[in-house]
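Using the sequences and the accompanying hints, generate a full structural model.
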Amino acid sequence: MSVRAPEAASRTAGRAAARRPRGRRRPGSGLASAGATVALIVIAGVVAEAGARGGWWAPDVLPAPSDILPATAQIVGSAEFWPDAVRTGMELVLSCVFGVAAGLLVGLGFWKAPGVGRVFEPYLVSFYAVPLVLFYPISIVLIGINQWSVIVLASVMTAIPMTLNTWMGLRAVPPVYLKLAASIRCSRAQTLFRVALPAAAPYVFAGLRLGVVYALIGTVAMEFTTAQAGLGYQIRYLYESFDAVGMYAYILVIVAISVLLTAVLEIAERLLMRRRNA
Amino acid sequence: MTGEDAPAGGVALADVRVEFAARDSDGPVVAVDGVTQEIPARGFVSVVGPSGCGKSTLLSVIAGLRTATSGKVEIGGRTVSGPDRDVGVMFQEDSTLPWKNVTDNVRFPLQIAHVSRTEQAERAQDAIDLVGLGGFERRYPAELSGGMRQRVALARTLAMRPSVLLMDEPFAALDQQTRLLLGAEVRRIWGETHQTVLFVTHDISEAILLSQQVWVMSYRPGTIIDVVDVDLPEDRDSAVVATPRFNELQNRIWESLRTESMRGFAQENQVRA
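Residue numbers (my numbering), protein chains in the order written: chain A, 1 to 278; chain B, 279 to 551.
One or more of the hints may lead you astray.
[To be verified] Pairwise CB distance ranges, derived in the manner of DEER restraints:
hint, chain 1, residue 1, chain 2, residue 2, range
1, B, Glu512, A, Pro174, 31 to 39 angstroms
2, A, Ala32, B, Phe298, 52 to 60 angstroms
3, A, Val259, B, Gly360, 50 to 58 angstroms
4, B, Phe298, A, Gly89, 51 to 59 angstroms
[Stated by the list, open to error] Calculated lysine to aspartate or glutamate pairs in the EDC-like style (CA-CA distance at most 20 angstroms, straight line):
hint, chain 1, residue 1, chain 2, residue 2
5, A, Lys179, B, Asp364
6, B, Lys378, A, Glu269
7, A, Lys179, B, Asp382
8, B, Lys378, B, Glu400
9, B, Lys378, B, Glu415
10, B, Lys350, B, Glu297
11, A, Lys179, B, Glu371
12, B, Lys378, B, Asp404
13, B, Lys350, B, Glu316
14, B, Lys378, B, Glu397
15, B, Lys378, B, Asp407
16, B, Lys350, B, Asp293
17, B, Lys378, B, Glu421
18, A, Lys179, B, Asp372
It is worth saying that the hints were derived from the structure and are not from the lab. Computed from a predicted model, the values in this text were never measured in an experiment. For every residue, glycine included, the Cβ atom is placed at its ideal position computed from N, Cα and C.
Below, the structure is given as structure tokens:
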């Protein structure tokens, strides 16, 4: 076939186009947003400081950051802090692990058996609206007042967004990917792990980010309401003993944990999805 | 692709019939009926027909992705009972996997087939060069145009070195220029590798330009209503479009298709009304 000349030309053009980096963020945009974040925190800190010192509000309502920060450092450095932190951390990690695993499995099951999925979907979706913390008394009756009742409820809270997103992601896999897998004779496991799940990964990741946040909310909220140990329990204890500075110190720790978790997931997602949606 | 020809494998269809369970109407829809045809080993056949006529269904049956209700499909003398790695399929939709770069996309079926690593690399590179994607090995699909992604899909199919290549309207979603260029590439590659090719399209001139024989398919039930041998020079280029013979072939195919397309159009509208 001798119609290759224009083709060669288009190839050169294509190659030139390929060298142009596409879809990269403008350099400096990350820096600008980091700068904006720092500026906001500084402004909020200054306002809080001025408010507390200037008597705009009672110091019990929101103590001055200059009191909270040293208190936080002191608490984190003290021996009493760590058993609670370790307990909350364990609950958080276990809830994430169980919830994510359960969500993946159930989402997968719904995908394999769409009829079952359609039956349960409305309940799962409405579970979003139910404050699951309400079930804490039930789980105490069933499991007892210990960390497992916290873990079970937090796992359920994690599993719900994970299930829905996994299922949605798998349903959104283009059918042609599955036809491809069939045509090259992928086994069922290969079709799942090397085609369907990677294709669903953006959804699964969104579910993971929601799920981890829910695990933290669930853990802290349930410690707060009934548990006898953990960071959430400490917040409640300090609140009830009118120790505003100590309470805010613990709140700061939990906010720091949630920021850290979100950042870690964000970075992991960026690395994994790096060039996929360039 | 490394100079040696793929092993020969002709395709033989004997009274192939495919039925679907219809959703709303009573009785099954007959998508394909009474297709008895043969593609000689290393032959290049195109199937043209109105949309919805069952040409893609026929291709899926040959690919082993769908089973015929009755009839028999043989490739290289063996009855088709499921997908075969010796039969490469290329789809109309973009099937490049967005989380893999070009090389990894092309290597994917080789990994699944447990080809050794060194051979994977070698075969992938050969296929990438063959489709003109040299220099793009580390690019991701999101960084490539639609036409380039179809090249990746073609390279991936070729890397398996199948003896039969089934192409289901592979360029239908592309613009006219890209389609012409890629058609020419397919023809050139076929000249080098000599697979048996079945090319499904709704574009009559694409079918004539590329193939040795054109099967014209009717609207439901899809039967082959005409078989046209393309007696144009083997070493043809797009200039052949201007020759009287090309026009005659085009007119003949269009004549058979016109009534079918109208019938299909009428039926589709009836269904909707």
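Hint check:
Distance hint for Glu512/B and Pro174/A: a CB-CB separation of about 37 angstroms, consistent with the stated range 31 to 39 angstroms. Distance hint check: the CB atoms of Ala32/A and Phe298/B are about 57 angstroms apart, consistent with the given range 52 to 60 angstroms. Separation of Val259/A from Gly360/B is about 52 angstroms and conforms to the stated range, judged on CB atoms against 50 to 58 angstroms. Roughly 56 angstroms separates the CB atoms of Phe298/B and Gly89/A, a value that falls within the hinted 51 to 59 angstroms.
Between Lys179/A and Asp364/B, the direct Cα distance comes to roughly 16 angstroms. Compliance with the 20 angstroms bound is thereby established for this hinted pair. Note on Lys378/B and Glu269/A: the hinted pairing holds, with a Cα-Cα distance of about 16 angstroms set against a maximum of 20 angstroms. For the given pair, Lys179/A sits about 18 angstroms from Asp382/B by alpha-carbon distance, which is consistent with the 20 angstroms threshold. About 18 angstroms separates the Cα atoms of Lys378/B and Glu400/B, which keeps this hinted pair within 20 angstroms; it holds.
Of the pairs offered as hints, the one joining Lys378/B and Glu415/B holds, with about 10 angstroms between alpha carbons and a cut-off of 20 angstroms not exceeded. For the hint linking Lys350/B to Glu297/B, the alpha-carbon distance of about 14 angstroms falls within 20 angstroms, and the restraint holds. The suggested pairing of Lys179/A with Glu371/B holds, with an alpha-carbon distance near 11 angstroms, which does not exceed 20 angstroms. Of the supplied pair hints, the one linking Lys378/B and Asp404/B holds, its CA atoms being roughly 18 angstroms apart against a limit of 20 angstroms.
Only pairs whose Cα atoms come within 20 angstroms are accepted, and Lys350/B paired with Glu316/B is accepted, the gap being roughly 12 angstroms. For the hint pairing Lys378/B with Glu397/B, the CA-to-CA distance comes to about 19 angstroms; that is within 20 angstroms, so the pair holds. Of the supplied pair hints, the one linking Lys378/B and Asp407/B holds, its CA atoms being roughly 18 angstroms apart against a limit of 20 angstroms. In summary, the hint linking Lys350/B to Asp293/B is supported, as the alpha carbons are separated by about 7 angstroms, within the 20 angstroms threshold.
Between the alpha carbons of Lys378/B and Glu421/B the distance comes to roughly 12 angstroms, so the proposed pair stays at or under 20 angstroms and holds. Distance check on the hinted pair: Lys179/A and Asp372/B sit about 12 angstroms apart at the alpha-carbon level, within 20 angstroms; holds.
Against the hints set out earlier in the document, no violation occurs for any number.
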